Amino acid sequence: MIDPGKAVKNVSVNEPTPVAGPAKLIAGLIFGIAFGFLLQKGGVGKYNVLIGQLLLQDWTVAKVMMTAIIVGMIGIFFLHRFAKVNLHIKPTQLGPNIIGGLIFGAGFALIGYCPGTAAAALGQGSWDALFGMAGLIAGSFIYAEFNGSLRGTLEKWGDFGKVLIPDLLRVNRGVSVVIIAVLLTAALLVLEKFTVR
Amino acid sequence: MGRALSCLLALVPTVALAAADPKLNALNYPGPTWSPYLVGAGIGVLSWLTFYFSDKPIGASSFYATVAGAIGKVFARRHTESLPYYQDNPPKFGWETLFVPAAILGGFIAAWTGGDFTNEWLHPMWVARFGESIALRAGVCLGGGILMAFGARLAGGCTSGHGISGTLQLNVASWIAVICFFIGGIAVAMPLYFL
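These protein sequence lines map, in sequence, to chains A and B.
Going by this note's numbering, 179 is the number at position 179 of the first sequence; the sequence numbering is gapless.
The number in this note's numbering is simply the position in the second sequence, starting from 1, with 1000 added.
Honestly, the hints are just simulated from the structure, not real lab data.
This one's a predicted model, so the numbers in the text were calculated from it and none came from an experiment.
Cβ atoms here follow ideal geometry from the backbone N, Cα and C, with glycine treated the same way.
Some clues are possibly wrong.
Said to hold, decoys possible - Derived Cβ-Cβ restraints for the label pairs, each shown as a range:
1) A/Leu169 - B/Leu1038: 17 to 23 Å
2) B/Pro1124 - A/Arg151: 39 to 45 Å
3) A/Thr185 - B/Gln1087: 41 to 47 Å
4) A/Arg197 - B/Ala1128: 17 to 23 Å
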């Protein structure tokens, strides 16, 4: 299996141009403001929109995410093809990905915000997001406490390393991007036709 | 295709349940002020910019781990520094530390310019189901936050890091994680509201 991280370094003709120093921090600030702004405008800082998605009443979250994936994916793979960006791939580990994912989902249903949308929610004056953020900080520390013992056990289960969908499909990345873009667009068309919001 | 099919199947219980009590129907409360497709496209373009200019994917959950580590160092410095997680991910001020607080500001600007500022401790849909107690909401959020952060760290990311940045890179881990986020979420939210 190709390690995408290594593949990037091999094709890197021009180094990507990360902004350094104070400029980097200012970039984080500007991008963060834009992210929170978009989340709030997209309604995904609202409790009813997020819990509505988990109750399968309101499909806004799915529409935002799938559109972001289509647009983001096409641009990132295009830029990566010309060695303008690095990919940032986390390893596929079935145990942690699945169990962690399910635990995350349970917490998501209880709060009605996620780590990013809680920030947008707080900004829009939904003060209950503060409790969720306090819980997120506490939970992060609890994880750090247990991480040492999880490393030897659960976190090793089902470790496949860095795997991309093109590796699974055994087609090149361009073809994979087209396939996923078509499937997600079809899903969006179905949502647009059958859902109220 | 699996996604599309599950969407169709999901409509049946949705219609039946929504008819039961209008106060428990998310659609009876205000939704997005902009088109979700416009916002989604905007987030997609934003991820091009963060990759290109900052060499970073959009992500939120690691911010909370950094804050937790910084607080831990104040109260129990040696213990915090001895934890393997913080040895690998030392809590230091950087791009991510600014990103989430900046998102709070961005949320404020968006709500303020859109006449959408809520100024409320409890959402009316929560009140309709669980009553007026702020303490109950605080307890549930605290517990939910603990589960959510633990799950995010275990899975390797949250709805931003895996759900958007990972999936758009076609990372298999992220597609598995995001599907599990929603399976877990639906499995808990449904009984919470409809049992």
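Cross-check of the supplied hints:
1. A/Leu169 - B/Leu1038: 17 to 23 Å: violated (31 Å)
2. B/Pro1124 - A/Arg151: 39 to 45 Å: Given about 44 Å between the Cβ atoms, the range holds.
3. A/Thr185 - B/Gln1087: 41 to 47 Å: holds (44 Å)
4. A/Arg197 - B/Ala1128: 17 to 23 Å: For A/Arg197 and B/Ala1128 the Cβ distance comes to about 18 Å; the hint holds.
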